[in-house]
Amino acid sequence: MPNMSQTKVPIPEQDPKVRARNFEEVTLGYTKEMALEEASRCLNCKNMPCVSGCPVGVQIPVFIKKITENDFEGAYNVIHATSSLPAVCGRVCPQERQCESKCVRGIKGEPVGIGRLERFAADTHMVQDNTVIEKPVSNGHKVAVVGAGPSGLTCAGDLARLGYEVTVFEALHKAGGVLMYGIPEFRLPKDIVQKEVENLKNLGVTIMTNMVIGKVLSIDELMADGFEAVFVGSGAGLPRFMGIEGEALVGVCSANEYLTRINLMKGYKEGYDTPVLKSKAVAVVGGGNVAMDAARSALRMGAEHVYIVYRRSMEEMPARREEVHHAKEEGVEFLNLNNPVKLLGDENGRVRAAVLQRMELGEPDASGRRSPVPVEGSEYELAVDTVIMAIGTSPNPLIRTTTEGLEANKRGCLVVDESMHTTKEGVYAGGDAVTGAATVILAMGAGKSAAKSIDEYLKQKA
Amino acid sequence: MFQILEKKELNPNVTRMVFEAPFIAKKAKAGQFVIFRVDEEGERVPLTIADADAEKGTITLIFQIVGRSTMKLNALNAGDAISDLVGPLGLATEIPEGAKKICVIGGGVGCAIAYPQAKAAHLAGLEVDVIAGFRNKDIVILEDEFRKVCDELILCTDDGSYGVKGFVTNALEERIQAGCQYDCVIAIGPIPMMKFVSEVTRKYGIKTIVSLNPIMVDGTGMCGGCRVTVGGKIRYACVEGPDFDGHEVDFDELMHRNGVFKEREAECRMMKLADKA
Ligand SMILES: Cc1cc2nc3c(=O)[nH]c(=O)nc-3n(C[C@H](O)[C@H](O)[C@H](O)COP(=O)(O)OP(=O)(O)OC[C@H]3O[C@@H](n4cnc5c(N)ncnc54)[C@H](O)[C@@H]3O)c2cc1C
Ligand SMILES: Cc1cc2nc3c(=O)[nH]c(=O)nc-3n(C[C@H](O)[C@H](O)[C@H](O)COP(=O)(O)OP(=O)(O)OC[C@H]3O[C@@H](n4cnc5c(N)ncnc54)[C@H](O)[C@@H]3O)c2cc1C
Ligand code: FES
Numbered sequence: 001m002p003n004m005s006q007t008k009v010p011i012p013e014q015d016p017k018v019r020a021r022n023f024e025e026v027t028l029g030y031t032k033e034m035a036l037e038e039a040s041r042c043l044n045c046k047n048m049p050c051v052s053g054c055p056v057g058v059q060i061p062v063f064i065k066k067i068t069e070n071d072f073e074g075a076y077n078v079i080h081a082t083s084s085l086p087a088v089c090g091r092v093c094p095q096e097r098q099c100e101s102k103c104v105r106g107i108k109g110e111p112v113g114i115g116r117l118e119r120f121a122a123d124t125h126m127v128q129d130n131t132v133i134e135k136p137v138s139n140g141h142k143v144a145v146v147g148a149g150p151s152g153l154t155c156a157g158d159l160a161r162l163g164y165e166v167t168v169f170e171a172l173h174k175a176g177g178v179l180m181y182g183i184p185e186f187r188l189p190k191d192i193v194q195k196e197v198e199n200l201k202n203l204g205v206t207i208m209t210n211m212v213i214g215k216v217l218s219i220d221e222l223m224a225d226g227f228e229a230v231f232v233g234s235g236a237g238l239p240r241f242m243g244i245e246g247e248a249l250v251g252v253c254s255a256n257e258y259l260t261r262i263n264l265m266k267g268y269k270e271g272y273d274t275p276v277l278k279s280k281a282v283a284v285v286g287g288g289n290v291a292m293d294a295a296r297s298a299l300r301m302g303a304e305h306v307y308i309v310y311r312r313s314m315e316e317m318p319a320r321r322e323e324v325h326h327a328k329e330e331g332v333e334f335l336n337l338n339n340p341v342k343l344l345g346d347e348n349g350r351v352r353a354a355v356l357q358r359m360e361l362g363e364p365d366a367s368g369r370r371s372p373v374p375v376e377g378s379e380y381e382l383a384v385d386t387v388i389m390a391i392g393t394s395p396n397p398l399i400r401t402t403t404e405g406l407e408a409n410k411r412g413c414l415v416v417d418e419s420m421h422t423t424k425e426g427v428y429a430g431g432d433a434v435t436g437a438a439t440v441i442l443a444m445g446a447g448k449s450a451a452k453s454i455d456e457y458l459k460q461k462a
Numbered sequence: 001m002f003q004i005l006e007k008k009e010l011n012p013n014v015t016r017m018v019f020e021a022p023f024i025a026k027k028a029k030a031g032q033f034v035i036f037r038v039d040e041e042g043e044r045v046p047l048t049i050a051d052a053d054a055e056k057g058t059i060t061l062i063f064q065i066v067g068r069s070t071m072k073l074n075a076l077n078a079g080d081a082i083s084d085l086v087g088p089l090g091l092a093t094e095i096p097e098g099a100k101k102i103c104v105i106g107g108g109v110g111c112a113i114a115y116p117q118a119k120a121a122h123l124a125g126l127e128v129d130v131i132a133g134f135r136n137k138d139i140v141i142l143e144d145e146f147r148k149v150c151d152e153l154i155l156c157t158d159d160g161s162y163g164v165k166g167f168v169t170n171a172l173e174e175r176i177q178a179g180c181q182y183d184c185v186i187a188i189g190p191i192p193m194m195k196f197v198s199e200v201t202r203k204y205g206i207k208t209i210v211s212l213n214p215i216m217v218d219g220t221g222m223c224g225g226c227r228v229t230v231g232g233k234i235r236y237a238c239v240e241g242p243d244f245d246g247h248e249v250d251f252d253e254l255m256h257r258n259g260v261f262k263e264r265e266a267e268c269r270m271m272k273l274a275d276k277a
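The listed protein sequences derive, respectively, from chains A and B. Each residue of the first sequence is one higher than the one before, starting from 1 at the first, in this note's numbering. Each residue of the second sequence is one higher than the one before, starting from 1 at the first, in this note's numbering.
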């Protein structure tokens with residue numbers, strides 16, 4: 001008999017007041033009892049509507065059934081059959097727009113906590129895991145992967161399991177991509193990411209950090225060097241600025257810079273050399289996950305006031321619901337329907353205020369969202385000493401400008417066909433480099449399909 | 001890990017180190033730089049590639065000891081290793097097509113960055129004059145190296161303790177007025193120096209290249225911290241520079257921006273001094 005409770009089993013969390021000042025993980029995860037109770041809310045629908053909401057088709061009711069049967073390792077294996085990063089996706093997927101949005105239980109009450117259960121299965125596996133990963137027998141073929149984000153790591157892992165000799169080239173000094181430099185520790189502990197990277201190494205994948213492809217080696221040179229295929233998973237890391245007056249003032253930075261200093265460089269920790277802005281009042285411009293992460297990090301760095309400045313309303317915010325909810329609980333102040341038009345500086349060139357203009361919602365635009373229209377004469381000053389821009393990123397031009405034959409579209413995204421093959425023979429691409437800034441699960445899925453295509457391509461060539 | 005093969009003190013505040021870095025050595029061109037990180041706790045800090053030997057697989061860095069990271073690097077010796085070295089980053093210096101005679105100006109440790117440029121121009125068959133400026137005799141660096149790669153070397157010191165007394169801008173203006181026809185001036189040094197050189201050359205309509213040193217993190221275009229305003233537009237110095245047209249750079253803005261972590265840096269220096277005492 002299913003558990004007919006209309007609400008999810010609450011997940012233990014750190015107290016908002018306490019956690020707003022530390023970098024430890026916010027949500028603590030289900031205990032076994034909680035997981036069993038939540039899993040029993042699943043109706044095990046025959047047509048599995050939830051699965052249609054999952055970009056990689058995780059067999060959701062099947063793994064949840066395993067949990068109800070106390071077979072946690074079995075549950076993990078079901079997820080792992082289609083997803084390489086369960087512990088990551090359980091924490092960062094926008095479930096409310098994917099699997100959980102299709103859950104029948106959501107019609108009357110809350111959907112099943114699929115993300116929470118996925119995390120439970122993955123974490124339980126990780127604690128108990130003592131299987132020794134063995135390096136598969138090599139098939140003698142070499143494949144290069146550019147970029148060690150979720151797309152590149154997934155592609156590398158799948159190819160290594162098939163016997164390919166894979167080398168991952170990463171520009172930064174640590175593998176993980178956005179999972180290391182962007183998403184903060186309090187949302188995704190870095191140990192989890194590094195565990196995944198370790199697993200790859202055990203599979204025989206070579207990871208070369210500090211290698212900026214396009215600079216130290218070109219893709220053509222990789223191919224001349226004996227790599228028979230290349231996967232480009234270089235992400236969409238180039239930050240946008242607004243182009244308004246005052247953006248060059250001291251105290252104005254991109255969310256990427258702010259978050260990199262904190263996450264990758266561990267600037268928040270005693271003993272690490274990288275400085276981070278010390279702020280009293282911070283305006284974060286934007287309404288996505290990146291904006292929420294920057295705002296919540298600023299609180300943890302000691303800011304007294306942190307504002308989210310977003311030109312649309314609460315409903316249009318693209319961030320995960322949970323992040324918005326957590327940010328509010330922690331004391332982030334939301335200035336929706338506001339847009340900066342100018343930043344003002346003091347005599348030392350430091351930002352002292354943002355001039356904001358109020359907006360109202362007009363007609364829906366092409367994306368179906370109601371577009372914001374400025375309210376004339378509504379400008380006012382918001383006193384801040386830091387402004388963080390989180391208004392989007394685009395793919396870095398470095399690779400496409402140094403690789404002949406690699407085509408990109410108007411937005412700078414690499415062009416691929418349905419097999420993830422680019423316009424250059426033997427070169428595949430996926431993740432944010434192809435889609436523009438998207439999600440971890442899509443990047444992972446793209447890495448998986450590219451691995452499959454590369455395998456087919458190389459088998460056919462042989 | 002990247003091993004230090006040689007270390008030499010050029011003056012009490014400037015050190016030269018040779019690193020084993022075969023991939024970088026193969027590709028490095030004059031004007032490009034690397035980013036280093038001493039250890040797990042270290043910051044990512046940019047330094048120009050002062051020299052590279054593709055055959056031996058080595059690169060040379062010359063750095064001034066100014067704060068925490070350069071002190072940490074300077075505390076290491078030949079045989080030690082640092083955890084990260086990435087490059088070559090940035091674009092190589094482009095001397096304007098058809099230039100025959102150029103003047104390379106270095107100020108202080110900026111000479112370390114100017115040296116590879118003078119060398120590259122010299123090897124390309126151009127006539128190269130070098131004006132190198134220092135505060136005083138004790139901190140003069142790279143004199144012999146410069147002599148080998150230029151037609152004329154003018155050494156200036158602020159106090160006249162060595163070479164000509166005065167600033168590099170005076171020396172430059174004198175030469176121009178004496179009839180030297182420069183097709184291009186490359187100026188590298190403290191921001192005020194580059195600003196004033198650019199003002200001199202603007203008067204004479206001489207194309208001027210400056211090498212900017214904004215604060216960087218990744219060096220690949222990912223953070224935007226290195227952005228500078230050139231000709232009214234935002235440019236990322238790590239991927240579109242570090243060289244820019246000196247007549248278009250907003251030097252005052254760069255000066256402000258480089259001061260962003262001043263307090264924290266001063267703190268670090270105090271702590272290091274206290275450690276030593
Ligand atoms: C702050 C932040 C929060 C986010 N929150 C969420 C979330 O909650 N949920 C979610 O699903 N998604 C989230 N995202 C989006 C998600 O992280 C990305 O969609 C995903 O990481 C893309 O994966 P990728 O493998 O394509 O690229 P990336 O993760 O960007 O990795 C690309 C890697 O390639 C490297 N690289 C780039 N150029 C080169 C080169 N020339 N040579 C060598 N290496 C190179 C980069 O250094 C990087 O390590 C967030 C993004 C950010 C920035
Ligand atoms: C492209 C480029 C090439 C350079 N080449 C050389 C060189 O060949 N030799 C040399 O001596 N110096 C060079 N510099 C300057 C050098 O990077 C700084 O002196 C160094 O970062 C100081 O770090 P610190 O921790 O020792 O000192 P700190 O006390 O931290 O800083 C001293 C000053 O250095 C600058 N600085 C600090 N951190 C950074 C950073 N992460 N990135 C850039 N600047 C920073 C700031 O203006 C600061 O005020 C170069 C800078 C750039 C951008
Ligand atoms: S250093 Fe980060 S973009 Fe240039």
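A couple of the hints might just be wrong.
Stated by the list, open to error - Calculated lysine-lysine pairs in the DSS-like style (CA-CA distance at most 25 Å, straight line): (1) A:K410 x B:K233; (2) B:K56 x A:K342; (3) B:K29 x A:K142; (4) B:K29 x A:K269; (5) A:K142 x B:K262; (6) B:K262 x A:K280; (7) B:K27 x A:K266; (8) B:K137 x B:K101; (9) A:K278 x B:K262; (10) B:K27 x A:K424.
No lab work stands behind these hints: they were computed from the structure. Predicted, not measured: the structure shown is a model, and the values here were computed from it.
How the hints compare with the structure:
For the given pair, K410 (chain A) sits about 21 Å from K233 (chain B) by alpha-carbon distance, which is consistent with the 25 Å threshold. Between K56 (chain B) and K342 (chain A), the direct Cα distance comes to roughly 53 Å. Violation of the 25 Å bound is thereby established for this hinted pair. Proximity of K29 (chain B) to K142 (chain A) is assessed by CA-CA distance (about 30 Å); at most 25 Å being required, the pair is judged violated. Restraint check: the Cα-Cα separation between K29 (chain B) and K269 (chain A) comes to about 37 Å, which exceeds 25 Å; the hinted pair is violated.
As the CA atoms of K142 (chain A) and K262 (chain B) are separated by approximately 48 Å, the hinted pair breaks the 25 Å bound. Restraint check for K262 (chain B) and K280 (chain A): the C-alpha separation of about 17 Å stays at or below 25 Å, so the hint holds. Among the hinted pairs, K27 (chain B) with K266 (chain A) is inconsistent with the structure: their alpha-carbon atoms are about 31 Å apart, more than 25 Å. Between K137 (chain B) and K101 (chain B) the CA atoms are separated by roughly 28 Å; this puts the pair beyond 25 Å, and the hint is violated.
For the hint pairing K278 (chain A) with K262 (chain B), the CA-to-CA distance comes to about 12 Å; that is within 25 Å, so the pair holds. Between K27 (chain B) and K424 (chain A) the CA atoms are separated by roughly 24 Å; this keeps the pair inside 25 Å, and the hint holds.
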